[in-house]
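Peer 1: Each chain, letter by letter, is given below.
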Amino acid sequence: MIISIVSFSLFLNNQLKVAILKLVSPVANKGLAKMNEVASAPGDGSALTTYGYGLTSDKGSASDVLKTLVTSVQASISTDKVIATKANPSSESTCQGDSGGMGLMFIYLVRCFYFSRFLICPLNQNNIDVAVVISYAAIHSFIHPSIHQPM
Amino acid sequence: MIQTTTRRLPLLFLLAVFFSVSLVKADDSHIRRRATEGDVVNDIVGGSVQSTPISYFAKFEGGNGLCGGSLIANDIVLTAAHCVDSKAGGFPPQVRIASTTESDGTVVDVDVAKSIFHPGWTGNVDDGNDGKYIKYLSTYHEHRYQKFQTS
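Quick mapping for you: the protein sequence lines, in order, are chains A and B.
Residues in the first sequence are numbered consecutively from 1, following the working numbering.
Residues in the second sequence are numbered consecutively from 1, following the working numbering.
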């Protein structure tokens with residue numbers, strides 16, 4: 001199975017903000033995630049599908065069902081180390097609690113914030129998310145020795 | 001001078017009321033829109049319900065709140081480092097493999113033995129370009145892009 005973690009070898013970054021959790025016992029009868037390896041950066045408008053149980057609205061509550069949202073890459077404000085994504089319509093976005101999940105490995109939420117009682121939205125782009133992209137190769141070398149580490 | 005100021009007071013008052021109402025109205029509409037979306041769709045903000053189960057989707061509640069993850073081996077969950085580091089209260093005692101809902105019969109709770117960070121993790125989400133990017137989002141596009149690139 002392929003999941004939509006963004007990982008392409010073009011974007012090597014020393015600051016790999018990933019961790020793995022070693023479980024006490026193996027989970028049986030579950031499919032496993034595989035990272036999607038692609039050779040080049042996603043172009044403007046490329047889809048990045050995100051999943052999560054995160055908050056359902058700013059200052060809202062977490063979802064009790066798994067949600068998904070397709071965002072698109074904003075090349076004009078992406079760099080060689082991060083990609084910015086945006087949902088369409090603009091009222092949609094990922095939210096707190098979605099971090100770490102598929103497609104949102106390194107998401108940092110850039111959205112409206114409250115100043116006093118006013119809602120401030122930078123540049124009126126209230127749903128831009130930033131994802132630090134990761135190198136498949138780097139992650140791969142990190143994960144495998146860790147998996148084989150003795151407890 | 002006093003007479004002039006006095007004559008202008010009603011005008012100033014009207015202007016003050018106008019701007020106050022405008023701000024409150026704009027603010028209120030934004031909040032109302034968000035709240036309605038959250039209530040109706042119960043999600044990410046916007047997006048849709050993930051109807052097909054994703055058997056490897058992991059979620060957990062850390063000291064920093066809710067996060068997601070991916071089961072990449074039977075006993076390994078990949079997630080974002082900032083979700084499980086010491087600032088986030090360390091690794092969670094359990095993760096939940098929750099494919100689509102919290103209670104669909106396929107939920108599995110597994111104890112976590114330990115967390116392992118990538119060597120590139122410094123423990124600070126703002127140590128790289130991503131954090132600075134967020135700081136400069138409130139400036140205009142070219143500015144923030146330059147800041148982002150040179151940080």
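Be aware that one or more of the hints could be misleading.
With a straight-line Cα cutoff of 30 Å, these simulated BS3-like cross-link-like pairs (lysine-lysine) come out [what the hints assert, rightly or not]:
| id | chain 1 | residue 1 | chain 2 | residue 2 |
| --- | --- | --- | --- | --- |
| 1 | B | K114 | A | K86 |
| 2 | A | K86 | B | K87 |
| 3 | A | K86 | A | K59 |
| 4 | B | K114 | A | K30 |
| 5 | B | K87 | B | K114 |
| 6 | B | K87 | A | K59 |
Calculated from the structure, these hints are not laboratory results.
Peer 1: Run every hint past the structure and note whether it holds.
Peer 2: So, going through the hints one by one against the coordinates:
1. Only pairs whose Cα atoms come within 30 Å are accepted, and K114 of chain B paired with K86 of chain A is rejected, the gap being roughly 34 Å.
2. Of the supplied pair hints, the one linking K86 of chain A and K87 of chain B holds, its CA atoms being roughly 28 Å apart against a limit of 30 Å.
3. The straight-line distance between the Cα atoms of K86 of chain A and K59 of chain A is roughly 20 Å, inside the 30 Å bound, and the hint therefore holds.
4. Between K114 of chain B and K30 of chain A, the direct Cα distance comes to roughly 21 Å. Compliance with the 30 Å bound is thereby established for this hinted pair.
5. Of the pairs offered as hints, the one joining K87 of chain B and K114 of chain B holds, with about 15 Å between alpha carbons and a cut-off of 30 Å not exceeded.
6. The straight-line distance between the Cα atoms of K87 of chain B and K59 of chain A is roughly 21 Å, inside the 30 Å bound, and the hint therefore holds.
Checked against the numbered hints above, the structure violates only hint 1.
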